[in-house]
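Going down the list, the sequences are from chains A and B. If you count the first sequence from 1, position 297 lands on 296 in numbering that gives the first Met the number 0, and the numbers rise without skipping. If you count the second sequence from 1, position 133 lands on 132 in numbering that gives the first Met the number 0, and the numbers rise without skipping.
To be clear, the hints were calculated from the coordinates, so they are not data collected in a lab. None of the values given here were measured: they were computed from a predicted structure. One or more of the hints may lead you astray.
[Claimed, not checked] Between beta-carbon pairs, the in silico distance windows are:
{"id": "1", "chain 1": "A", "residue 1": "ASP186", "chain 2": "B", "residue 2": "LEU359", "range": "25 to 31 Å"}
{"id": "2", "chain 1": "A", "residue 1": "PRO96", "chain 2": "B", "residue 2": "TYR345", "range": "23 to 29 Å"}
{"id": "3", "chain 1": "A", "residue 1": "GLY56", "chain 2": "B", "residue 2": "ILE51", "range": "54 to 60 Å"}
{"id": "4", "chain 1": "A", "residue 1": "SER276", "chain 2": "B", "residue 2": "ILE234", "range": "38 to 44 Å"}
{"id": "5", "chain 1": "B", "residue 1": "VAL16", "chain 2": "A", "residue 2": "GLN278", "range": "49 to 55 Å"}
{"id": "6", "chain 1": "A", "residue 1": "GLN278", "chain 2": "B", "residue 2": "TYR345", "range": "27 to 33 Å"}
{"id": "7", "chain 1": "B", "residue 1": "PHE360", "chain 2": "A", "residue 2": "SER276", "range": "39 to 45 Å"}
{"id": "8", "chain 1": "B", "residue 1": "LEU359", "chain 2": "A", "residue 2": "TYR223", "range": "31 to 37 Å"}
{"id": "9", "chain 1": "B", "residue 1": "ASN183", "chain 2": "A", "residue 2": "ASP186", "range": "45 to 51 Å"}
{"id": "10", "chain 1": "A", "residue 1": "LYS173", "chain 2": "B", "residue 2": "LEU246", "range": "55 to 61 Å"}
{"id": "11", "chain 1": "B", "residue 1": "LEU156", "chain 2": "A", "residue 2": "PRO272", "range": "29 to 35 Å"}
{"id": "12", "chain 1": "A", "residue 1": "ASN196", "chain 2": "B", "residue 2": "LEU48", "range": "43 to 49 Å"}
{"id": "13", "chain 1": "A", "residue 1": "TYR223", "chain 2": "B", "residue 2": "LEU246", "range": "52 to 58 Å"}
[Said to hold, decoys possible] 16 Å max Cα-Cα, derived EDC-like pairs, lysine to aspartate or glutamate:
{"id": "14", "chain 1": "B", "residue 1": "LYS2", "chain 2": "B", "residue 2": "GLU57"}
{"id": "15", "chain 1": "B", "residue 1": "LYS162", "chain 2": "A", "residue 2": "ASP102"}
{"id": "16", "chain 1": "B", "residue 1": "LYS162", "chain 2": "A", "residue 2": "GLU34"}
Just so you know, even glycine gets a beta-carbon here, dropped at the ideal spot from N, CA and C.
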Amino acid sequence: MAIELIIQQFLNALGLGIMYALIAVGFTLFFGVIEVVNFAHGEVFMLGAFVALLSVGLITSIGLTMGSLPFFLAILILVLLAGGIFGVLLEKFIVRPMRSAPDIMTLLITLGVSIVMREAVMLFVPNGRNPQPFPKLFEMESIKIGGVLIKPETILCIILSAVLISGLYYIIEKTTFGRYIRATAQDREAAMMMGINVKKIFIITLALGSALGAVAGMMNGLSYGIIKFNMGFAAGIKGFAAAVVGGLGNVYGAIAGGMLLGFLEIFVVSTIPDGSSYQDLISFVIVILCLVFRPAGIFGERAYEKV
Amino acid sequence: MIKILLTELLCYLLFLVFVYIEDPVMVTAFIALMIIAGFMLKKTGRNFLQEIEKVYAENLGKVGLLAAAIALTVPFAIMGDSYWLQILNFMMLNAIMALGLNFMTGRAGLICLGYAAFMAIGAYTVGILTLKAGISFWIALPLAGIFASLFGVILGLPALRVKGHYLALVTIAFGLIVQELLLNLESITGGTNGLIDISSPSFFGIDMGTTVNFGFMSMTYQANFYYLCLVLLVITTVVLYRFSNSLFGLALNAMREDQLAAQCYGLNLTNYKLLAFAIGAFFGGIAGGVYAAMINFIAPENFGYSLSIIVISMIILGGLDSIPGALVGAFFLTVFPEKFRAFEDYRVMFYGIIIVLCLLFMREGVLPFKHRIFKPKTAGGEGN
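Chain A extracted, bound-state conformation (with noise of 0.2 Å):
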């Protein structure tokens, strides 16, 4: 295979991956942290790119000019804080009430929250059942390397991942804060005991893992150009492969966990002859065996290290 054509794929596969990472964190920080699957996740990936969608109008009428860079940052603050206050609520009416179900009641209300949400963005956003053209929204000259053609919205999508990630990484290694919640992920009651206000801590968990998830679904838009109500699904569904081949309760292993799909995704489509029809496979054969041979996932041996 040509050199440009395997840096071509490299880039490629290291734009989905590392999007898939983004939801596989939110999936492992609730899981880590507040011991829910929050199968609605996936919606939120679908909400941001929708958020994003409607909200150009109204970023472009307060005079910023469409695909600027203050353009780019508003609409990513107002996708961010979408994502955020989808967290907050899921918390207060769904996760909160269901604290004391069992498990697989917690896991079929996510579900039935998802499934509203899905059609809720089919039937009320205008022409929502159609596929919608997503606007481009910061405007990037290509890049050339060696004569590979790059495609800008990739590098983009790269860039502010990798800026988000290690965002995730200070917040959570290195402020008060991100003590907090690790103490929470480890031991809820001896968090509690030392004066951890646990519930401020679920609120904000959720918030920020579901703030992440709505960019993730905003960069999938950026780097496909289209959207579609039911775009969370899938990605909902690969989110949560990712943190499970990774280790659910381990972030780090649901960014590995993440680049390891994308990575195999590209590999299967580029190499097998019509793999594309069996992409969406991939990650689910991967994922039972996964769960057959390394219960765990990948970094099972540190699974005590949550967060």
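Mind docking chain B on chain A? Use the hints.
Structure of chain B alone, referenced to chain A:
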């Protein structure tokens, strides 16, 4: 006995009224009235309700027999309306699936979010066997169930090592894999186009796809399938009821509550899990097989994720692990939306809202599972 007959006839009457009223405003008023009446009954008529409940619980066999007998008359009572017959057929197929899923998820606690895959397997088994191998429907139908069971066991194998959320993920993945395979194995399954012209079965020389003549009234082919579905539904209910009330069912309950404790009591979890999957999947396959023969056309998109969700919402509404609950859930969630066909688009959202509201406010469902009461065999035996 007379109480059972009267209450069942009352329900039947209400159902017929519901079928016959057409105006959406009237329908809404009727439903509102029913809900208000239900609340009033719960508030003021507690003694009456308890009495009915007791009578029903003591004479389950008679209750079922009477209900089945009443159900036999439904095609005549609705004047052979083919549209409503078809809805009732779907309702019964949904009920068979809800019962199967209820056995897996409610009784054994093995969550399954890919149940539609079993229906798909059953439908394609019947479709392929009757179309390409020319095998009779009556042989293909049990094979459809057995084949679905086989896939249930295959799904059960990874499920032996995972539980809870992981199992949910595996079952979703299973459902999607089956659907993708149906789409991509074009030479066998016909790909996106699906299988067309699946022949209707013939019953002792009578083609079930033709109009039936009862002498005083002739009905479209749906009436044939109505009785087929009814027979299958009764068999399913009885079989699963017997399974649930056996020691085997109790073992599955024990496994659901605490796997480790169940293991400590000497239960072989491997066998129980695989059996629960196989039995639950069997009925999904049967429902799929009848569906294929009834509709004569199947395509992969008929068996998507949303179907799995619909079946799940039925058992949540009825109450997990409750057999009457699964029946009632299937009835309400299939029949009620039909009166609001103007809001057809909102249907899936309605199922989602039902799931959320039920779990938030009515976790046990409409007809909660009643804990079995231990009855010592000898009069002098000590309880427990």
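(Q) Please list, smallest to largest, the hint numbers that this structure does not respect. (A) Violated hints: none; all satisfied.
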